[in-house]
Every structure is written in C-alpha cells, then in structure tokens.
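Student: Chain residues, written in single-letter form:
Protein chains: 2
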Amino acid sequence: MTPFEYLEQNESRFIDELSTYVRFPSVSAQPQHAADVRACSEWIAARCRKIGLDTTVYETIGNPIVVAKTPKWDAKKPTFLVYGHYDVQPPEPFHLWTSPPFEPRQVGRALFARGASDNKGQHLAHLNTVEAYLATGTELPVNLTFLIEGEEEVGCGGLNDFLPKNRELLKCDGVVISDNGIPSLKHPTLTYALRGIVAMEVRIDGPSRDLHSGLFGGTVENPAMALCQLLAKMRDAKGRITVPGYYDDVLRLSKYERAQMAKLPHSDAAYRRLVGSPKLFGETGYTVEEQRTSRPTFEINGLTSGYQGDGSKTIIPSWASAKLTLRLVPGQKPSRVIASVKKHLKKLCPPTVKLTIQGGHGGEPYLCPPDSAFAQAALKALEKGFGYPAGLAREGGSIPIVNRFRSELGADTLLLGMALPDDNAHSPNEKFDLDSFASGMQMAAHLWPLLAEASARKK
Amino acid sequence: MTPFEYLEQNESRFIDELSTYVRFPSVSAQPQHAADVRACSEWIAARCRKIGLDTTVYETIGNPIVVAKTPKWDAKKPTFLVYGHYDVQPPEPFHLWTSPPFEPRQVGRALFARGASDNKGQHLAHLNTVEAYLATGTELPVNLTFLIEGEEEVGCGGLNDFLPKNRELLKCDGVVISDNGIPSLKHPTLTYALRGIVAMEVRIDGPSRDLHSGLFGGTVENPAMALCQLLAKMRDAKGRITVPGYYDDVLRLSKYERAQMAKLPHSDAAYRRLVGSPKLFGETGYTVEEQRTSRPTFEINGLTSGYQGDGSKTIIPSWASAKLTLRLVPGQKPSRVIASVKKHLKKLCPPTVKLTIQGGHGGEPYLCPPDSAFAQAALKALEKGFGYPAGLAREGGSIPIVNRFRSELGADTLLLGMALPDDNAHSPNEKFDLDSFASGMQMAAHLWPLLAEASARKK
Chain D
38 MTPFEYLEQN
48 ESRFIDELST
58 YVRFPSVSAQ
68 PQHAADVRAC
78 SEWIAARCRK
88 IGLDTTVYET
98 IGNPIVVAKT
108 PKWDAKKPTF
118 LVYGHYDVQP
128 PEPFHLWTSP
138 PFEPRQVGRA
148 LFARGASDNK
158 GQHLAHLNTV
168 EAYLATGTEL
178 PVNLTFLIEG
188 EEEVGCGGLN
198 DFLPKNRELL
208 KCDGVVISDN
218 GIPSLKHPTL
228 TYALRGIVAM
238 EVRIDGPSRD
248 LHSGLFGGTV
258 ENPAMALCQL
268 LAKMRDAKGR
278 ITVPGYYDDV
288 LRLSKYERAQ
298 MAKLPHSDAA
308 YRRLVGSPKL
318 FGETGYTVEE
328 QRTSRPTFEI
338 NGLTSGYQGD
348 GSKTIIPSWA
358 SAKLTLRLVP
368 GQKPSRVIAS
378 VKKHLKKLCP
388 PTVKLTIQGG
398 HGGEPYLCPP
408 DSAFAQAALK
418 ALEKGFGYPA
428 GLAREGGSIP
438 IVNRFRSELG
448 ADTLLLGMAL
458 PDDNAHSPNE
468 KFDLDSFASG
478 MQMAAHLWPL
488 LAEASARKK
Chain W
38 MTPFEYLEQN
48 ESRFIDELST
58 YVRFPSVSAQ
68 PQHAADVRAC
78 SEWIAARCRK
88 IGLDTTVYET
98 IGNPIVVAKT
108 PKWDAKKPTF
118 LVYGHYDVQP
128 PEPFHLWTSP
138 PFEPRQVGRA
148 LFARGASDNK
158 GQHLAHLNTV
168 EAYLATGTEL
178 PVNLTFLIEG
188 EEEVGCGGLN
198 DFLPKNRELL
208 KCDGVVISDN
218 GIPSLKHPTL
228 TYALRGIVAM
238 EVRIDGPSRD
248 LHSGLFGGTV
258 ENPAMALCQL
268 LAKMRDAKGR
278 ITVPGYYDDV
288 LRLSKYERAQ
298 MAKLPHSDAA
308 YRRLVGSPKL
318 FGETGYTVEE
328 QRTSRPTFEI
338 NGLTSGYQGD
348 GSKTIIPSWA
358 SAKLTLRLVP
368 GQKPSRVIAS
378 VKKHLKKLCP
388 PTVKLTIQGG
398 HGGEPYLCPP
408 DSAFAQAALK
418 ALEKGFGYPA
428 GLAREGGSIP
438 IVNRFRSELG
448 ADTLLLGMAL
458 PDDNAHSPNE
468 KFDLDSFASG
478 MQMAAHLWPL
488 LAEASARKK
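Residue numbers (our numbering), protein chains in the order written: chain D, 38 to 496; chain W, 38 to 496.
Incorrect hints may have been included.
Pairs involving identical chains hold if they fit within one copy or between any two copies, as the list cannot separate such chains.
[As the list claims (entries may be wrong)] Derived EDC-like pairs (lysine to aspartate or glutamate); straight-line CA-CA distance at most 16 Å: (1) Lys379 / Glu445; (2) Lys114 / Asp53; (3) Lys275 / Glu327; (4) Lys223 / Glu445; (5) Lys106 / Glu48; (6) Lys106 / Glu45; (7) Lys223 / Asp273; (8) Lys316 / Asp242; (9) Lys87 / Glu54; (10) Lys350 / Glu190; (11) Lys495 / Glu45; (12) Lys109 / Asp198; (13) Lys113 / Glu294; (14) Lys421 / Glu294; (15) Lys350 / Glu238; (16) Lys384 / Asp286.
The hints are simulated quantities; they were obtained by calculation from the structure and are not laboratory data.
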C-alpha cells in the first residue's frame with residue numbers, strides 16, 4: 038500500500054482523532070485554561086509517539102513545546118522542520134456559535150470547532166502523512182522535525198526564548214508551515230512573501246493645558262490641526278507615501294509574479310462588499326491584490342485629542358496623538374523606514390508645536406524566492422495534492438516566526454496553506470474543510486519526495 | 038454731599054455687605070445648593086428694596102429672577118437695564134483654596150471668596166451707586182431696571198424663557214453689564230465686540246468594521262487619514278481659513294480700532310509663557326490681540342478614531358470624527374458660515390469614505406459700534422471712574438445673553454468690566470479687587486449722567 042492509499046483509507050479515523058484533539062480548550066490567552074493547554078500538549082506528544090516519532094515535551098518560560106523527530110535519522114538526507122501550534126484563540130462570544138466551540142460537529146465536509154483550522158487540523162495532516170509513510174514501510178526521503186508550540190496566539194514567548202537555545206535540535210534545510218490560507222480548493226497556493234511592519238506613535242504638544250477656544254483661539258497652533266496637517270502630508274491623492282526614499286528599497290514585482298497574482302480568484306465588487314467601504318482606494322497602478330500584499334502602507338490606527346464626549350467643549354486641546362503602523366514589503370528594512378519617516382515628520386512639523394515620536398519597533402518583511410527549487414517543488418506538491426494548477430500568492434500580514442526561523446536557523450519557510458477564506462479563524466463557528474484536510478495530506482505526502490529531489494539538485 | 042463723596046464715605050460698609058452676599062453658596066450647578074440659591078436671591082432682592090428700588094422676585098422655569106426699578110420712573114428719561122447674576126461657579130476643588138470659598142477673607146485690597154468678582158461684586162457696585170444717588174437726594178438722570186438672574190453659570194435657562202415674555206417690563210434704551218474683565222486698573226476698557234461661535238461634528242465612515250491593517254491595508258481609504266487630509270485643507274500655512282467666502286462678511290478693523298487695540302498692555306513673550314506653546318501662531322498680518330478677538334477661527338476641539346489604548350493595534354479604523362468650533366467675528370452670520378463650511382467639506386471629501394456633519398448650531402458675534410454716542414459716554418465714565426485714559430477692546434469669547442438683549446429688547450449692551458486678569462474667575466481663590474470695586478462705583482456714578490446726555494444728543 039502506498040502512503041497515498043493509506044491516507045485515503047484512514048481518513049475517517051483521522052477525522053475522529055482531529056475531533057478528539059479539538060476538544061481540548063487550549064486557549065493560551067486565558068489563565069483558567071492553563072491545565073487544558075498542558076493536557077493538549079501531552080495529547081499531541083502522545084500522538085507523535087504513537088506513530089513512531091522520537092518525541093520530547095520541553096518546558097519553556099511559557100507553555101510546553103513538543104519536538105518530535107522521525108526515526109532512522111539520516112544525516113545524508115535533507116532535514117525539514119514542520120511548525121504548528123496547539124493553542125487556540127479564545128472562543129468568545131459564545132452566543133454567536135451554532136454549537137459549543139469545543140464540541141466538534143461535522144456538517145457535510147466541514148468540522149466545526151475552535152482550533153480546527155487554526156491550527157490543529159493542519160499539523161495533524163502533516164503528522165498523518167508521516168504516519169502513512171511509516172505505517173506502510175515507505176522510506177521517507179527526508180528527516181522531519183515537528184515543532185508544535187502552545188503560544189502562537191499570544192506572541193510565541195516560549196518559542197522565542199527556546200529557539201536561539203536549541204539551534205542544533207532544530208537545525209534544518211527548510212521549514213514548512215501550514216497556518217495560512219488559500220483562496221479556494223481549486224486554487225492551491227504557495228504563499229512566498231509577507232509584509233513586515235513598523236509601529237510608532239506620534240504626539241504633538243501645544244499649549245501647556247487645554248485653552249479656552251474663545252479667549253485664546255487664533256493665537257496658538259491647535260495641536261489637533263497640526264497633527265492632521267502633518268499626517269495629511271504623508272500620503273498623496275494617488276495613494277503614494279510621500280516620505281522621501283520610501284520606495285527606494287522596494288523589490289518590484291516581476292512580470293511572472295504579477296501574472297501569477299492575476300490568476301488568483303478576485304472580484305473588486307465582492308471585495309468592496311467584504312470591506313464595506315463606499316469605494317475602494319489604493320495606490321494608482323496596482324491591482325487590489327498587489328496593493329494588499331506587495332505595496333507598503335502608511336496607516337493611522339488611532340487618533341486621540343481633546344474632548345471626545347457628547348456635545349461640544351470649546352477648547353484648543355493641549356495635545357494630539359496618532360498611532361501608526363506601516364506595512365513594509367520585501368526589500369524594505371524597518372530601521373531605514375523608521376529613520377526616514379521620523380526625519381520627514383520632524384522636517385515637516387512646524388516650530389509652533391513640539392513633536393514626539395515613540396516606539397518605532399518593526400518586523401522584517403519576508404520573501405522566499407518563488408523560482409527557488411524548494412518553492413517550485415512545493416508548487417508541484419500543491420498541484421498533485423489538490424488536483425488543480427498551483428498558484429503563487431503574497432500575504433498582506435506578517436508571520437513573525439518566519440523571520441525568526443530565517444535568522445536563528447538560516448532556513449526559509451514554505452507557507453502551504455490549507456485554510457479557506459470562510460473557515461472563520463479567530464471568529465465564532467471556526468471550521469476546517471475536510472476536503473482540504475484530505476487534499477492537504479495528499480499534498481504533504483507528495484511534498485517530501487519533491488523537496489528531497491530539489492535538495493539533491495541544489496547540491 | 039455728592040453721590041461720589043457718598044460712595045467714598047460708605048466704602049467699608051459696602052465691603053461688609055459684599056462679604057455678606059458672598060457667604061451664600063449660590064452654586065446653580067449643584068442641586069444641594071438649591072435652597073442657598075433661593076436665599077441668595079431673597080437677600081439681593083431685600084438689598085434692592087432697602088435702597089428704595091421697586092423690587093419683584095419672579096419665579097421662572099429655573100431659579101428666581103430679581104427685577105428692581107428705580108423710583109420716580111420718568112418716561113421722559115432714558116431707561117437702562119443693568120444685568121448681573123447672583124449664582125456662582127462650583128467651588129471645587131476645595132483643597133486648592135487658601136481659605137474656605139464661602140468665608141470671605143480680605144487681604145490688603147482684595148476680597149477672596151467664590152462669586153466676589155463673578156459677579157456679585159460688580160452688580161452690587163452698580164446698586165451702591167444708585168443708593169448714593171437716592172440717599173444724597175441727587176436726581177438720577179435715567180430710569181434703571183436691575184435684572185439679576187440666578188442661572189448665568191448654567192446657561193440662563195430661566196432668563197431665556199423669561200425674556201421674550203417680559204419685553205415691556207425690561208424695555209430699555211441700552212444695557213449695561215459689568216461681568217467681563219479689564220487688563221489692569223490703569224487700563225479701564227470698554228469691550229465693544231465679542232466673537233460668535235459655530236459648533237459642529239464631522240465624522241468619516243470607511244469600512245464597515247475595523248479592518249486588519251495587514252490583510253486589507255492599501256486597498257481602502259483609512260478614515261483617520263481621510264479626516265486628517267480633509268481638516269488639513271481647512272487652514273493654510275499663513276493661518277488663513279480656506280473655506281471659500283469665509284472672510285467675505287468679516288467687518289474689517291478700522292484704523293481707529295487697531296490703534297486702540299495696540300494701546301492695550303500686551304507682551305508676546307509673556308503671552309507665550311501664559312499659553313505655554315513653543316511659539317505663537319496666528320493669521321499673518323494681525324497682532325496677537327487682533328487674532329485673539331477680531332479674526333475668525335477654525336478650531337479642532339477633539340479627535341477620535343480607532344485604538345487609543347497602550348501599545349499598538351494593527352487596524353484600519355472603521356471611522357474617525359472631529360469636534361469643531363469656529364469663532365466668528367462681527368459681520369459673519371452663523372448660518373452662512375455653517376452652510377459654506379459644510380459645502381466645502383462635502384466638496385473636498387473623497388468618494389472612498391462617507392462624510393456626516395452633525396450639529397452646526399451657532400451664536401452670533403456681537404458689535405456695539407465704538408464710535409456710538411453710548412460707547413463714547415461709557416469711555417468717559419471709565420476714564421473718570423478709574424482715573425486713567427479709557428481704551429477699547431474686543432473679546433475673543435462669546436456672551437450669548439448680549440445677543441438675546443439685542444434681539445428681544447432691541448438694545449445694545451455696554452460691557453464695562455471691573456474684573457482683573459488675576460481675579461481667578463471659575464478657579465480656586467477667586468477674588469475681587471477692592472480698588473476696582475471703588476473705581477467701578479465711581480465709574481457707574483459718572484455713567485448715568487453721561488448716558489443721559491448721549492441719549493439726549495441722539496434724539
């Protein structure tokens with residue numbers, strides 16, 4: 038029996054096991070679930086051991102980390118790290134769930150439960166694939182290390198501490214993560230780039246206290262107006278950020294990338310309905326998908342100044358502040374962007390107010406070249422697993438751990454999503470599509486030989 | 038004995054009576070002081086009766102109103118209305134008072150107590166002057182109606198209802214109010230103009246909910262940015278408001294007015310220290326005093342959007358709003374300003390967001406021509422009373438009742454301040470300067486013959 042046949046024949050047991058797994062309310066954000074989190078880590082460790090992996094549960098400064106390695110480790114084979122997380126988002130608000138979040142319910146080809154697609158279903162799919170290899174006596178052409186953590190939803194504190202102390206343990210040629218999405222089952226997709234981020238807070242101080250707008254109005258700069266005029270200058274009417282040099286380091290999309298992106302299912306009208314804005318707005322010259330994933334942004338996340346209650350209060354507020362996040366794209370360096378934005382703000386701020394810029398921490402953007410051997414292997418595996426031509430995508434958000442794997446382990450990550458847009462990750466009625474589960478397992482079974490080949494060609 | 042001599046000789050008794058008057062904690066904003074407010078109205082009514090005025094306490098929808106008329110009413114004499122209020126601001130915070138707010142304490146030539154200069158001292162000064170005329174058997178060349186209300190600090194609800202129902206009772210040729218300030222005892226000043234006000238709230242709606250700035254950033258207009266860009270366009274770098282037609286109706290300051298204003302004691306450096314801004318800022322081409330009192334403004338009183346807590350939240354906020362007040366100057370009409378501002382905002386708002394403008398209520402600016410016969414008479418009275426050349430001033434704030442007197446009674450108001458900049462109105466340690474009290478009484482004693490003459494010349 039081949040691993041592929043094994044996966045098909047054991048599917049209903051795999052669904053049962055996933056159902057057991059999602060019963061653990063392993064909510065890392067809620068202290069009352071600390072014991073559930075721990076029990077969940079033990080369950081997944083036991084599952085790893087049962088299929089024959091060399092498994093250790095590591096205590097960390099946070100929740101336990103499960104590390105499980107394939108048997109018959111062979112230094113001549115390439116090694117890959119499969120990352121997943123057993124912790125889940127809080128289930129609240131409960132009343133919006135059709136059935137209790139930790140009582141799995143199968144409806145057709147969907148399994149509803151908190152954690153089903155974020156992320157228990159996906160790393161279980163990878164484990165099941167390894168079981169299929171081992172149980173059928175098929176030689177795995179790679180060494181695999183499963184790294185399953187319990188704090189992804191709360192900032193990966195334990196893992197961030199664990200990683201630099203365990204570089205040897207986790208050493209690998211590449212990382213595979215299935216914790217992102219694909220547009221549909223007919224559009225299996227490799228996500229090869231992520232945006233980075235820079236966060237800062239801008240504060241404008243004017244008069245030493247709120248002033249009476251009648252007695253003093255007209256003689257001092259209004260900090261709220263100064264803030265508006267300052268921020269207004271950061272972006273032009275074409276959606277371009279006006280900070281000098283802001284686009285200098287941006288890697289331009291290749292024709293190949295733009296062509297790939299254009300194949301993704303998308304409708305401006307449907308997208309507009311999804312976001313709810315009167316009209317879409319983005320940088321001129323780019324499609325919505327390109328704007329969303331491949332162009333940097335300058336967003337105001339919050340504004341605070343003066344009086345915010347009912348009615349009016351006739352004051353010139355003493356200060357005004359704005360929270361900002363800038364999404365960066367491959368090529369951009371957070372430190373350079375922070376410096377140029379700060380410089381530009383300082384240059385434009387009038388001497389009638391005092392400018393303070395706080396924060397300025399950042400996360401790197403991420404790019405795994407889509408024409409690399411590993412990426413091309415992943416595309417083939419996706420195509421074989423899902424039965425449709427595989428595409429390339431970038432994502433607009435950030436997955437910080439991907440940069441940590443690059444910096445700590447020197448390894449690129451393949452983001453091989455199995456979640457669908459309507460899986461309700463982080464929302465009530467989270468589900469995992471069981472066709473995606475099945476196709477994902479087939480994809481993973483194809484992946485290891487293809488990656489082994491690619492690795493051999495690289496040498 | 039002349040009224041002037043009588044006022045001098047009775048000064049210590051007048052101070053004792055003011056001390057009695059300020060012992061009433063007539064705080065209109067605080068329900069627990071309702072009985073004190075009422076007792077206070079009875080005390081001032083009794084005081085009016087004692088000096089021989091024909092006095093009635095009127096019940097209103099709010100606090101009682103005291104109306105007291107001079108005896109021997111003569112239809113051939115001009116009639117003036119003297120307005121004052123017996124209610125006071127809340128005294129809190131108590132711990133900042135050097136002595137209890139309702140236990141008057143005389144230190145040198147200052148009487149400390151809540152209500153001393155806002156406004157009990159001033160209307161008592163006017164009453165004492167009338168007493169001086171009556172007690173010395175000097176014929177008053179005018180008829181006087183005292184209108185002393187008890188809700189000035191809470192919006193004049195009772196008076197606003199009372200006024201249109203009692204036009205005959207309150208009929209007059211002019212109104213005198215001493216409830217504003219003068220720069221110093223050496224700068225007696227007639228305030229002849231006040232700014233008006235327009236208040237509105239601008240709201241920008243974008244996406245139907247806060248959006249993830251990574252997943253969606255770059256494809257929709259950020260409402261906070263749209264608001265900043267919209268408001269930023271309302272005022273240029275020279276401090277000019279850019280709403281088309283905004284200055285069309287503004288009455289220009291005459292050379293005479295500007296010369297008068299330039300005589301007021303002012304130092305940009307001291308003013309800057311007072312407001313605490315790094316540098317002063319106002320419309321180019323005008324002095325600080327002109328900017329503060331005679332030029333319209335566009336002030337943002339508050340900004341609200343998105344996340345305002347600690348740290349950062351990576352969202353595109355669903356909406357953003359700003360509270361605005363615009364100070365208007367003589368010549369401008371609130372309704373016209375509201376219409377032109379709304380039109381301009383609507384024209385500039387991009388179609389990528391939805392604009393809502395709420396409110397838009399306004400108060401008229403006020404101007405009593407400084408070259409009018411009454412104003413010139415008032416200037417003479419100020420000069421004689423205080424012993425220094427009298428000046429003209431505008432004020433930057435609004436005194437709504439002045440417009441009500443104009444619309445309901447058809448009478449202009451002379452604003453003859455006796456309060457000094459350090460009198461701490463509305464603040465702890467409120468005081469009334471007893472030299473100002475004495476000079477104010479002398480001024481008022483000169484005022485009536487001068488106004489009677491002016492009135493005769495007008496006819």
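Student: Give me the numbers of the hints this structure contradicts, sorted from smallest to largest.
Tutor: Of the numbered hints given earlier, those the structure breaks are 1, 2, 4, 5, 6, 7, 11, 12, 13, 14 and 16, listed in rising order.
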